[in-house]
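*Asks:* Take the given structure of chain A and dock chain B to it, following the hints.
Each chain, letter by letter, is given below.
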Amino acid sequence: MNDISMNENSVGDLSHRKSLLIIQAQFQQAIGQHAEATRLFLEAAALEERLADGFRQAGDDEDAAISLFSAASCYKNAGRAPEAVACAEAALSLTGAGGLAEELRRFRDECQKTPGLTSQRTLRGIVRNGAVYPFEPGVLTEGELVTITTA
Amino acid sequence: MFALTPRYFIESLREYNPAVIWASFFINPSIALMDSYRLKPFPCAVAYENVVSARLDQTEGEMRVEFDWLAETFPDCQRLFQTLQRESIVEYAAVATAFLIMANLAQKNISEVTLRGSKADYFVEGRKYLLEISGTESAEHLASRHGEKVRQLQANPFGKDGYVFVCCFSNQQAKLSFHTSNQREQ
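Top to bottom, those sequences are chains A and B. When we follow our numbering, the leftmost residue of the first sequence carries the number 1, and every step to the right adds one. When we follow our numbering, the leftmost residue of the second sequence carries the number 152, and every step to the right adds one.
Here chain A stands alone, though its shape is the one from the complex:
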């Protein structure tokens, strides 16, 4: 059940809190405090999703899509690809065929391709002595660059 009442005060309050979290998260990222940045990005994403729900219920699909794109971006910055993709898909379902849809598709595809961001992990290694170091043995050509995808 959505607990946002779409009056100006509650939307404004959520929006300001979320803005502060994004700014703080980017700051933590800039000074290399990645764990704290991740925590803040996740908190911001949750607020942005709540805003999107509220906008959607109020019939404002445009603002809902903007918030969902922002939530997706926060999730991506937190290394949470499945949530990022889900938010991008939700935003896409609210947009027409314009530039926003194109950018959302690019963003979603990028999330799905980026190693370490998808639910599958892609590892790279160089073959030495018939094995891919440091990951696992295999019958491969010496010096070959390989990509291993693990579930």
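Honestly, the hints are just simulated from the structure, not real lab data. It is possible that part of the hints are untrue.
[Claimed, not checked] In the DMTMM-like style, the derived pairs of lysine to aspartate or glutamate whose C-alpha atoms are separated by at most 25 Å in a straight line are:
{"#": "1", "chain 1": "B", "residue 1": "Lys259", "chain 2": "A", "residue 2": "Asp60"}
{"#": "2", "chain 1": "B", "residue 1": "Lys270", "chain 2": "A", "residue 2": "Asp60"}
{"#": "3", "chain 1": "B", "residue 1": "Lys279", "chain 2": "A", "residue 2": "Asp53"}
{"#": "4", "chain 1": "B", "residue 1": "Lys270", "chain 2": "A", "residue 2": "Asp109"}
[What the hints assert, rightly or not] Covered, in the sense of this in silico footprint (three residues per stretch, anywhere, with C-beta under 8 Å from a C-beta of chain B), are these stretches of chain A:
{"#": "5", "region": "65-71"}
{"#": "6", "region": "81-88"}
Even for Gly, the Cβ is constructed at its ideal location relative to N, Cα and C.
*Replies:* Frame of chain A; chain B shown alone:
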């Protein structure tokens, strides 16, 4: 007769709009950067273009302003450079000056920040307009950076009109302009 140069205190970001709690975040970086130039108050010539505001007689021109701060707000401010890269401090300082110039010259409030990928989008007057902000310390890059930001603003995927604000701290010049989007949905 003489005209006084408007002076904006950086600490006024705390009262900018009490609801916009996140504006205060930019106070310390801007003090650190301006202090590093040993200019207090920090002068700035703001060129504006296509900006309609009751504060301005014309939509195009230049206005000289000063930024000031209280010494006790951020003692040892130069230590910030040990924590944060100068480039980031410049960007944060540009956001602080954008807040002050938008409020006082354009008479518009920056209301929200969202993320689009790794890019921060600043919204003005609710989500009516977008604002592209950039800071530099390279005088020769001011015009090109402004042009680059105008192109970004005009191509924004939301189809929103908006403002571009670029501040060059090394020569104390800034440019604020208003543009329409070329991405409105058909």
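*Asks:* Now tell me if each hint is right for this structure.
*Replies:* Now for the hints, and whether the structure bears them out:
1. Lys259/B / Asp60/A: Holds, because 23 Å separates the two Cα atoms, which is no more than 25 Å.
2. Lys270/B / Asp60/A: holds (23 Å)
3. Lys279/B / Asp53/A: holds (20 Å)
4. Lys270/B / Asp109/A: holds (17 Å)
5. 65-71: Answer holds; 4 residues pass the 8 Å Cβ test.
6. 81-88: Per the Cβ count (0), the hint is violated.
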